[in-house]
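Now for the letters of each chain:
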Amino acid sequence: MNLLVLLIVVPLISGLLMLVSPGNGVRNFLVRVASMLLIALSVLLLIPGAAPGLFSLADIHSEHINQGMFIAEMGIALYILYACIRNRKIIATVLILLQAGLLAYFELKYGHGITVARNLFIDPLSVVMAQIIGIIGSLICIYAVGYMKDFHEHHAEVKDKRNFFFFVLFVFLGAMFGVVFANNLLWLYFFWEITTLCSFLLIGYKGDEVSVNNAFRALWMNLLGGLGFAAGIVYLYLGSAHTVELDQLLLLGKTATLLPAVLLPAVLITFAGMAKAAQMPFSSWLLGAMVAPTPVSALLHSSTMVKAGVYIAIRLAPVLQGTSAGFMIAVIGGLTFMIGSFITISQSDAKKVLAYSTVANLGLIILCAGIGTYEAVWAGILLIIFHAISKCLLFLCVGVVDNKSGSRDIEDMDTLIINMPKVAVMMLIGMAGMFLAPFGMLISKWAVLRAIVDASPVLAILIVFGSAATLFFWVKWMGKLITVIEPRHDLEDTVSSNEWVPLVLLTVATIGVCGLFPLVAAVFIDPYLMATYGHTTAMTQGNIIIMAIMLALVMLFPLSFLNYGKNVKVVDPYLGGANTNTANVFTGSAGALQTIGMRNYYMEWPFGEAKLSRLGIATTVVFLLIMLGAAILCL
Amino acid sequence: MSMNLVLISALYVILAPFLGGILAGVDRIITARMQGRVGPPVLQPFYDVLKLMQKETLVVRKSQNLYILFFLIFIIFTGALFFAGGDLLLFIFALTLAGIFFVLAAYKASSPYSFIGAERELIQMMSYEPIVLLSAVGMYMVTKSFYVCDIVSFHTSLISYMPGIFLAFLYVLTIKFRKSPFDLSMSHHAHQELVKGITTEFSGRALAMIEIAHWYENIFLLGFVYLFFAGNPVLGVVLTLCIYFFEILIDNTFARAKWQLTLNSSWAISGVLGLVNIIALSYVLK
Amino acid sequence: MSSLSKSPWIFHYDASSCNGCDIEVLACLTPIYDVERFGIVNTGNPKHADIFLITGSVNEQNKEVIQNLYNQMADPKVVVAVGICATSGGIFAECYNVMGGADKIVPVDVYVPGCAARPEAIIDGVVRALGVLEEKRKRIKEIAAGQVTATIERASLDDAEKILELQKIAYRSEAELYNDFSIEPLTQSLDEIKADFATRTFLKAVIDGNIVGAVRGYMKGTACRIERLFVAPGSQNQGIGTRLMREIEATFPESETYDLFTGNRSKRNIFLVKKLNYKISRTEKVNKRVERVYLQKAGQNRG
Ligand code: SF4
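Residue numbers (numbering that gives the first Met the number 0), protein chains in the order written: chain A, 0 to 634; chain B, 0 to 285; chain C, 0 to 302.
In isolation and in its complexed conformation, chain A is listed as follows:
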């Protein structure tokens, strides 16, 4: 059987097994086996020749598969409709009716006439995505085994539906593989809708009112995107392009005269991608998704869901290149990056900080897609890789801290370097990976800046302000972790190996991928760019050497901890001379003992969440409308 099909089907089957497995032990075992299998299969993709370049499911009657998919799709629509009506969610009801109606009409009327040469395909871009989904996604599943045990111990009020939970996780992964391998847009759309459904189910896992409401918010926003997707397919087929294949769409996009036939569908599908990638004005669904257990957040933020959104946008980038609609997409991405980064400054909930930072970084990727030049796409793919690894690591670390210390507020994380030294160090590495030279995200940001100044320098304004804010909120968090106020007890003892393994691997990956990034670029990104654009970009030799020197210097830093503190005298911090015997207590006025406290700046003004989100939503909606207008007029 073909590797691609295996990757889609294996998670599905193992998920079903988990659903019916008799006990926690069996299921946990299944989760580990399935995860390792998925990792192995994804790595197998790297071996040349293991997966055929293009593949049509000739040996299976694709007609039956199509019918099966259509029926499943309608089933999903019915389920969503039922859920919407039961919870009286009007917007979602309307959207699902519109979307399912449109597609049912299309499939029933034209479905038989559609001929598809290739249903699935694989190229270096899909391979990169498959690695992210397969490896990082599976690591999260392993982590979830340990996490969910603690979670249900701490949250007795939540009904234990772990079999169902893992079932959805794996179906999610399978659907993600489907998204990145599908060439037939109808298939892609089918998998796309499954990811929407899965995220809906996972966000609502806790079952309380907030979770359910947030799940529905995620649902309607993604359904709106899905509606755009469906409209795009219909327009593509009924228009002069007359195809439902992704590679055809891209091919047509290359010729200027044929562009009008594909630009609007491409923009509509990118629009769906932007909703999925939680771009403003849709960013609120991803923030709401925070209520779900941490593995879900990690999954949504790093390897699935939002990555489906940016994947499709990057995929369509060649079509968008140089168009006004593309520029508008870039502006929306840039605004999302800037405003998202600003808002993060005012947040102290660790998961929310991570969520806003995801929104911001995805904005950067969407910006790359909107610009669409090969330099931009190069930067965009790098961003996808680095972001997935570092962000996943950070989410998993925060999950551990939350479970063990009972708080995920950054203000409670001081002294973490003493209380949970290993986790704290991993978090520091993850954060360094997010914004610091010479680590991954910074390399990518650098590439983005270069791509922008060549294409449309004005956008640089958004980037420079956004990244200044990024610097601020990451460093103050890092600082909090290493500040030692009062030593407390060891919280790290009870972290299980299910949690350690993914954490350690991701930490190694954060550093490793950064050290090996020229290789990553050469193996994954360059071939894709060569195939798509005919040329590729790279960093100059000299700069790579300088980066390597920097990396080596930074690596010296942890090493120097082996031997330090010679010839120094330890004294109390300066507290105006009013120190007492206890390091963090001083004698205040009238002899009263006071404990010192150190709190970060959050700058509610000018970085308050409510005001800035309103501003962001208003401006991005305007740009979205301009984008659609530009696409219709085909500018």
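Just so you know, these hints were derived from the structure itself, not from any lab.
Built from N, CA and C at the ideal position, the CB exists for glycine as well.
Treat the hints with care, as some may be off.
What the hints assert, rightly or not - List of simulated lysine-lysine pairs, DSSO-like, C-alpha gap at most 27 Å:
no.	chain 1	residue 1	chain 2	residue 2
1	A	610	B	257
2	A	421	A	351
3	C	62	A	565
What the hints assert, rightly or not - Simulated coverage check for chain C against chain B, where a stretch passes if three residues somewhere in it have a Cβ under 8 Å from a Cβ of chain B:
no.	stretch
4	46-58
5	157-169
6	198-208
Once you have looked at the hints, place chains B and C with the ligand on chain A.
Relative to the frame of chain A, chains B and C with the ligand by itself:
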């Protein structure tokens, strides 16, 4: 990278502390004269640093001075990169990295005053970073290269292309030189509120390293200013020194601002002047 | 003249002055007197300062503050008492809560009399302090180079306060190592240590009249327990610790074994006593990472 550039870079690493120290000494004398005083000898900054080397080193947390060591290393690295004609963006990133080590050192010291100093230092970094990056972008638009060696050998002075960016850069330069009104994080004159802000808990060798890093930093900052005038080397050097004098004048004229004013004004000026300048550039250069 | 005396940084503390002397101290910074000519900077931070300038008399409220600030200054350091209040308590000396001059708490090197002390006098005092500073620097260098030998002698109850003070300075470093600032050596009170004097023999190491190290021991049955060996941070690595150990062992020649314990992270302590032929007898877990290491050595009397 030619042999020449490597040589310049090596010279920088060796000479910058001396130049920077003398510059600091001159700065102190000029400041004193502006205040109607005589002021210390020119070599005073060297006496200070030598003295600090001889003193005992006090710490609150034993590892805190490690961060300072890396701050110094990366500041030297950043300057060496600049004078070796390296990539301007990389230079800015390295500078940020160095700054972060400094800030983390203060966090590590776990003292309320160094904590406030660290937060304020971060606000300062956030205030100056946009326009520094925009300067690099502007220079690239004009010269089509991010490399310092190409920018410096461009035939006309860049200031004629990017006066807006230059003005905004000048505004935030006060932050980088740690001059009033934007000396929020470690002012010499803010005992009441800050003690010594970010450097409160550092003494002896660590404090000496901070001082030396500051000298290195001042030299490559002046180098950055020079890039705007590089079309005419002689005039360029004179103007760069004038700018330094101007900064001293500002230092002695203004009272320390709050962080709100620092952040808002530098962002507003960077945003408006930067945007206008870049839009103008993209039309002019078309 | 070394660079030390060319760059004296001052830290000014107003103990309970009437503010008269403070104004005069500030006057020194103005253009008329301009002490920056001599490289003098008013730092406002004890950790950066070389000269501790005290104005006003010491009272019950500020005695601990003065002590803390003095402890937080890096060696070499000098204290200048400015004004008659800081010198002797001045006109406030008879006040119900006034203890007297600054020298009641910290060793004063230069006294600048006057009420208020005139700026010229203050500057003169600081310049004299530079001479003291220079001498102290030389002495510290000699001590660090091991050219000065400490005398080891038995401590008396009068030393209790000084020993306790040094103990608290020396054990900070241990506390940081274990991230536990509630260890007993840091929390011990003066009364407790005085009570210890009744049951234990204290030895002190003295250089120039200053205590730079101490150890205590007592007999329990036939074994000698040795406790709390510490050496001032500036005087370490000169064999003072070893000499204290030898001396305390010699104080109890009758004992069969010598016992002591330390934490597993205190590598230097373990190294030191192992060189004196102590062997690890057992370890005891305190928590997951910290162990208490017991070391033992046989006495002459044993078999
Ligand atoms: S010496 Fe005189 S002027 Fe100085 S503090 Fe005492 S009373 Fe005031």
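Examine the stretch 157-169 of chain C for residues whose CB is less than 8 Å from any CB of chain B, and state whether their number is three or more.
violated (count 0)
Taken at face value, is the distance from the CA of residue 257 of chain B to the CA of residue 610 of chain A at most 27 Å?
holds, 23 Å
Is it true that the CA of residue 62 of chain C sits at most 27 Å from the CA of residue 565 of chain A?
violated, 32 Å
Is the listed coverage of the stretch 198-208 of chain C by chain B valid when you require three or more residues with a beta carbon under 8 Å from a beta carbon of that chain?
violated (count 0)
Is the coverage entry for the stretch 46-58 of chain C by chain B consistent with the three-residue Cβ rule at 8 Å?
Answer holds; 3 residues pass the 8 Å Cβ test.
27 Å limit on alpha-carbon distance, applied to hinted pair residue 421 of chain A and residue 351 of chain A
Distance of about 23 Å is within 27 Å: holds.
Of the numbered hints listed earlier, those contradicted by the structure are 3, 5, 6.
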